[in-house]
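Novice: Residues per chain are reported as follows:
There are 2 protein chains.
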Amino acid sequence: MAKAPKNAISPTRAEDYPQWYQQVVRAADLAETSDVRGCMVIKPWGYALWENMQAVLDKMFKDTGHKNAYFPLFIPKSYLEKEAEHVEGFAKECAVVTHHRLEADGEGGLKPAGELEEPLVVRPTSEMIIGASFAKWVESYRDLPLLINQWANVVRWEMRTRLFLRTAEFLWQEGHTAHATEQEALDETAQMHEVYARFAEDFMAMPVIKGAKPEHERFPGAVDTLSIEAMMQDKKALQAGTSHFLGQNFSKAMGIEYQGEDKQKHHAWTTSWGVSTRLIGGLIMTHSDDDGLILPPKLAPAHVVIMPITFKADDPDAVLAYCEKLAEDLKQVTYDGQPIRVELDNRDIRGGEKTWGWVKKGVPIRLEIGQRDMADDSVFMARRDQSPKDKAGVGRQEFLDTVSDTLADIQNTLFERAKTFRAENSRVINARDKFENYFKGDKGGFALAHWNGDVEVAKKIQDDLAVTIRCIPDDGAIDDLLGGPNEPGKCIFTGEPSEKRVVWSKAY
Amino acid sequence: MAKAPKNAISPTRAEDYPQWYQQVVRAADLAETSDVRGCMVIKPWGYALWENMQAVLDKMFKDTGHKNAYFPLFIPKSYLEKEAEHVEGFAKECAVVTHHRLEADGEGGLKPAGELEEPLVVRPTSEMIIGASFAKWVESYRDLPLLINQWANVVRWEMRTRLFLRTAEFLWQEGHTAHATEQEALDETAQMHEVYARFAEDFMAMPVIKGAKPEHERFPGAVDTLSIEAMMQDKKALQAGTSHFLGQNFSKAMGIEYQGEDKQKHHAWTTSWGVSTRLIGGLIMTHSDDDGLILPPKLAPAHVVIMPITFKADDPDAVLAYCEKLAEDLKQVTYDGQPIRVELDNRDIRGGEKTWGWVKKGVPIRLEIGQRDMADDSVFMARRDQSPKDKAGVGRQEFLDTVSDTLADIQNTLFERAKTFRAENSRVINARDKFENYFKGDKGGFALAHWNGDVEVAKKIQDDLAVTIRCIPDDGAIDDLLGGPNEPGKCIFTGEPSEKRVVWSKAY
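Line by line, the protein sequences give chains H and R.
Following my numbering, the numbering of the first sequence begins with 1 at its first residue and continues without gaps.
Following my numbering, the numbering of the second sequence begins with 1 at its first residue and continues without gaps.
No false leads were slipped in.
Pairs count within a copy or across copies, as identical chains cannot be separated in the list.
In silico lysine to aspartate or glutamate, DMTMM-like type, Cα no more than 20 angstroms apart, as pairs:
1) K263 x D348
2) K325 x D401
3) K490 x D474
4) K62 x E328
5) K92 x E118
6) K62 x E51
7) K67 x E51
8) K111 x E88
Everything labelled a hint here was simulated from the structure, so no lab data went into it.
So here's chain H without its partners, still in its complex pose (with noise of 0.2 angstroms):
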């Protein structure tokens, strides 16, 4: 057997942070770059990631009331431009279609021809295009709320990419929902909020932040912008869902309105809310170490690897034949409600090989079955949150009795060293040249201090530190990391009244 390297993957994280996340995601074989300028490539096990988040998510959407459904690609120009932050927002970095055939040049190639009357634009987000059927689909009060949600690809034209985390195209959904009320709309708002801080923490084993993005942070063209701010293991914080109260902003640009009780007609309230192909960047820089990906059971697309390992002396058919049986006995064990979901691997190559391969894939246990594991009635397994050292026999019945609880225990092991990471790198800081010297250099992570709600001051600090305002915290949300309630207090860069301390950080 192959003698294991020191760590599967190089660079460590120590040694290069950056370089070390791209390294993870092709040992594991999640995704890689296309030749298409900013695209990515999203292969089978990294696809099979993302449709257990879609299942788990969805499924959440529509236990809230939500329907799927799906609208253009193409954005006629002239929608974009009837609210002016929004295109603001979003015309500097978009894919622009300008014709509708390509036709021979005359040298060999081809050329663009057929030059359409208004350009359209490859949806970044899809307010425009899904209001202008909102304002179709909403005559009375009684055709509201309109609760609709879209899987979908986007496109935004980044400059610089890096898969899963900044991608010209990414997947994700897309909630937009229209309200009779400002109240109603307010509390989609906070639920769909909440929706994304339980799926982090319950299903990704992500620890998150719940609050509000200060004024200059918001979504073009929002009245508030609520996210979730998690702590990857550079301590620099990501931003991994956002929930947005658009007031009655998209509704006048497009014409969403209704009759109401009172006759009268009125303008709707409308939110929307979504997360994207970018939690799995968050997944991979949460948990992962320098042996590669570690993925939280409850996601994983295969909890157990069954690796047969037979030497020449032995009877790899019958170790084969007891392996079959063990998966098939594991496919009758539930977990989180499912059977478990096996891999045999059997493939001729190398044992070293294969099990390192696993390792860097991230799957939750790994069984390794020999001649003599199978003439004792047990299984070798490890772990994917201990040690590869850290390998145990286990009888094989006990094995299957205990399987369930070992996936939950892994995944509540995952959670918990990731909040004991974000305690130990968030500090409480009452002065400004303390929290200069927290982010001076690459340290810091985040730092719990007041700020008075200026929106200048906070731009001066992301020019001078490029540190953020990573958001304004719910009550309770940090009381974690303060050891008690957020308290006013006074802005440390203005002396100036705060009502609560906010979050800062550098930022993915």
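The hints should help you fit chain R onto chain H, whose structure is shown.
Specialist: Okay, now just chain R, sitting in the frame of chain H:
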């Protein structure tokens, strides 16, 4: 209660079939046209149907060893140019991205800016872009077969569009596979052809003829194209799914090479296969009647709708509670391996409007429940495959005990009905004049006639009669229509020998 109109859909099928189709789509709230040329909006009821189709197909693909992945939306122009027939087939109608931002045009509007060095085409199909990835992924025979599927949106700039049947953007799945040998690729092509036929017949309740396309009707770049062909109620054919054997055409164009066991380099053999939201159009036109959509139970977003119908003197709360309990009990019953899907419609609208709304939406079983039904511990039931007048009281428990069988019976009735219709509208034809007569005017259905394989003859018939060869049927595929095996004979146009009869029809 409102008096039922003679028919819920106007015009009827007999009066104006194309208009009837549009009205069925509208009345069932499945989809609508958008302001974006040729693009449709798939509304929640239509999308839920698509989700059910997706779930079944996705499982069939995974059960046959395929994995999902995701590839870029954009295809560089230079990729398309690599396969001559392929580009010829798709260049004439495609969305071309030429710029990557919008900027102020000086007149208060926006204009495209940031011209791309190389134009990008929004994928009309992904052979080239997926081929580029396959070329990277395949090195050795050990990497084969590569069995990939993608769920995606695609764009073909159709000039004359029709909801679901032909739209500029549509949703589909496209399978792409690479194999070491020609035989394996041929087997894969045949296997997916069979999967599609099974899906159409067992789930959509839509009988199909399996066969091969004649040479001039093949997918651009394919060596062989297999299709399933269904008969709509206007007796026209609908091509409902295709499976292509691509030979080495695309592997040569994109460089998909592997090192064989013989240590030599070889080009892989590839296939591709797809079905789209067009299937929804086929489902509608196979089963619906002059009262609207009829859904095959296996794919229906709701199997049963429960409508409390109460009057002033009644106790509406008690009736609602009775309905809610029934809904809960129904969800404990399984049909086709899944819990029964129930809608409880307690909207405060007139009973007639409510009932006809669900008739038009095609729900297999409707229950109207009033005070008296509750008192009798019964339900008042109507089946969508029967006349709206055929309603009957059934004991509550009897209904629960038989509902699963009733749904199975509806599924079966729809299939048998469609098969009978197809048989009644298919004819064995042995002479050219009879053939022409059969199709003159708006008559005709499927003609089963001999053809010697001459493409020019087929093209002439198409020009003269707008009739095409739908397929050269597989062995046994039309034996039920012929009343025996498909024997050799003589071409009715040329008198030349013909191996077997082929299927001729007008088509969508």
